[in-house]
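From first to last, the protein sequence lines stand for chains A and B. According to the numbering used here, the residues represented by the first sequence are 112 to 304, in order. According to the numbering used here, the residues represented by the second sequence are 112 to 304, in order.
It should be emphasised that the hints constitute simulated quantities derived from the structure, not laboratory data. Among the hints, erroneous ones may be present.
Identical copies carry no separate label here, and so any pair may be met within one copy or between two of them.
[Unchecked claim] Once the Cα atoms are required to be at most 27 Å apart in a straight line, the calculated DSSO-like pairs of lysine-lysine come out as: (1) K137 to K231; (2) K137 to K302; (3) K302 to K200; (4) K302 to K164; (5) K200 to K164; (6) K200 to K231.
Note that this is a predicted model, so its numbers are computed, not measured.
One letter stands for each residue in the lines below.
2 protein chains.
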Amino acid sequence: MKANLDLPIIEPLQGPQVIATQPLLKTRLFNIEQQSLCFSNGVTADYERLVSKSDGAVLVVPIINDAFVLIREWSAGVGRYELGFPKGKVDPGETWQDAAVRECQEEIGFRPRRLHLLDKVCLAASYMDHHTHLVLAQYLDVSVSDAGDEPEPLQTLQWPIARWPELLAQAEFSEGRAYAALFLTLTHLGKIV
Amino acid sequence: MKANLDLPIIEPLQGPQVIATQPLLKTRLFNIEQQSLCFSNGVTADYERLVSKSDGAVLVVPIINDAFVLIREWSAGVGRYELGFPKGKVDPGETWQDAAVRECQEEIGFRPRRLHLLDKVCLAASYMDHHTHLVLAQYLDVSVSDAGDEPEPLQTLQWPIARWPELLAQAEFSEGRAYAALFLTLTHLGKIV
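Kindly produce the complete structure, drawing on both the sequences and the hints.
And the structure:
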C-alpha cells in the first residue's frame, strides 16, 4: 500500500472567550495570571498562565571554523552548569537582531556580521506565552567582550559541528529549544536533509 | 586547513553554594522560590526559579502508517490552538511509561505497544527545573478513548512523516521541545543522518 502523503486540512477553530483575567502575582521575574475561559461548547475552565515581561528571548547559534561556540553557565533553574548556546532576553527597545548581537558580544566576545532567523519557538504553549527567537550567527569578528550581568566569567568552548550527536548526548546540554536550534542549523546548512 | 574535530574538554566546575532559599509564592500550578547563591569567586546573587510540582512531563510522538498523530488543543499560555504531540504531566506514582500510555489513550485514543525514550529535555535551564520526557510511541492499537481533563474534544490528525518540513513551517506548531522530539524521531528512524 502506498503511503498517503497528503497533508491534513487545518480548519479554523472557534476559540474560547476570555470571561475574566485575574492577576495572581508578580515577582521580579515572573508574572502569573488566571484566565477564565468559556469554550464554544459552553464548558468553562480556569487556566493559570505565566505572562512574559519582555519581548521574549534570543538563543544564538554562533558558528566559527565549522564549530558551534558554546557557553557553560550556572543555571539556577536546574541547579547545575548548563552547556548551551548564548542566550538572553530581548531588552525593551531592542529588536531580536540587537539582542542577538549584544548577547554574542557579552557572552562569547564575538560580534557576528550575519544573522539568520531560524525560527521562533515557545516553551510550553499551554501555560507560558514566552517565545524565543532562534538565531544563526555567522562571520564572527573578535570583539571586546562587553560586560554582561553574569556573577562569574562564562566558560566558552568550541564544538565541531560534525560531532553534533555527541553534543546531544551530553547531560549538560539539555534545553529543548537548544536541540531545536541545533537541528534547524544543521538543516539550514544542508548537513541534514 | 583541516578542521579540528576534537571535542573540547568539559572540566568539572565548582558550583555556587546555596546560602538561602525563600519560597516566594505558590499557586495551583506554579511554585516560585528565590535562591541566594555564593559563587566560588565570592560574588553573591539572587535567582528566582520556578520549581516543578510534579515529576515533569511526557511528550509522546505517536506514529501510525508512516505518519505522526498530532492534536490541536487550545493552549492558554499562547492564547491560541497549538498543533503538537500529545503531552501531559507525569502524575504522582506514575512512571514516564505509564504517563506516556495514559496520555496516548486520553488524547488520541490509541494504546502504544512500544515506547522508546528519545531523550529528556528541560525548558529554560536558568529559571525552571521542569523537564520533559520525549517518548516515541509505536505499534498503536485502537483503544477506547479514556476521558481526559480537556474542556472540549481534542482534534486529532495524521501528518505524513516525510512531510516534516511543512509541519515545522506551521505557525501553530511552535514548541521548542516538539521540534526536538520531531528531529530526534527522524534521527532514531534513520531518516536523517
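List of violated hint numbers, smallest to largest: 2, 3, 4
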